[in-house]
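J.: Sequence:
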Amino acid sequence: MVGLLGKRGRGRPLLTLENISLSVGENGQRKDILHDINLELEPGQVYALTGPNGSGKTTLARIIMGLVRPTAGRVLWEGRDITDAGITDRARAGIAYAFQQPVRFKGLTLKDLLTIAGAGKEAASYLAQVGLCAADYLGREAGGGLSGGEAKRLEIALTLARRPRLAIFDEPEAGVDLWAQERLLNLVADSARRSAGASSLVITHSEKFLRQADVILLLEKGQLVEQGAPDAVWPHLAKDLACRWQAECGGEAGAADCYR
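Going by the numbering used here, the sequence shown opens with residue 40, and the numbers climb by one from there.
Check each hint, because a few of them may be wrong.
The calculated label-pair distances, taken between Cβ atoms and stated as ranges, are [as the list claims (entries may be wrong)]: (1) S164 x D75: 38 to 46 Å; (2) A219 x E65: 38 to 46 Å; (3) R108 x T148: 32 to 40 Å; (4) R250 x R202: 35 to 43 Å.
Honestly, the hints are just simulated from the structure, not real lab data. Glycine included, C-beta positions come from ideal geometry on N, C-alpha and C.
With these hints in hand, go ahead and build the complete structure from the sequences.
T.: Here is the structure:
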């Protein structure tokens, strides 16, 4: 895209976060939500963003999409500062966001939404990929008539149909029946690897997905405390979870060494 976000660069990260911080509050009462986040997302990689509830994962994703503006730091798209760019400009540049709680669209059918997203004649294929039969769903209204799981699948299909360069998925497994979770997570991971120069950032608590991602990002209390390949990060993360089980949930003493 040429315009506010400039020409596509080469040989640089797709997205860069520089010292991103966010605090909220007023009258001298401020609370830090994110603190000094530095991160580079490379093309062709699948990133799994994980951490305790309330650690700032969704907030960080919303900052990348332009839904929330940081109080400090910069967001760079292929080296160009887009901190002040809105959600529309970021979407045009190739950033897409699948919400944890899908948006409902009254008065539009699933086919309408997929056509708007650019699926065209491939609308049926995108529905099939997320486990929805086109014959049963293309003509259905994308409003209150869909269950939570169906709406979640549609949200993923719409995101994939846009063929984004950076796709952000907020807990794609949430609200979906157990048998479909692994299929959807595999689909999300494969979508980035099939598209040259594209990447995915997936907020998840799924152990299976964490193990198959290219990079695990661990966020805790608003800080990026660890990042790296699953083989390096997962053993530490697993020990930390076991330690919390012992300390907070009454697990057996000595079951695991605390990760420091």
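J.: Decide, hint by hint, whether the structure agrees.
T.: Consistency of the hints with the structure:
1. S164 x D75: 38 to 46 Å: Given range 38 to 46 Å: holds, Cβ gap about 43 Å.
2. A219 x E65: 38 to 46 Å: holds (43 Å)
3. R108 x T148: 32 to 40 Å: holds (34 Å)
4. R250 x R202: 35 to 43 Å: For R250 and R202 the Cβ distance comes to about 27 Å; the hint is violated.
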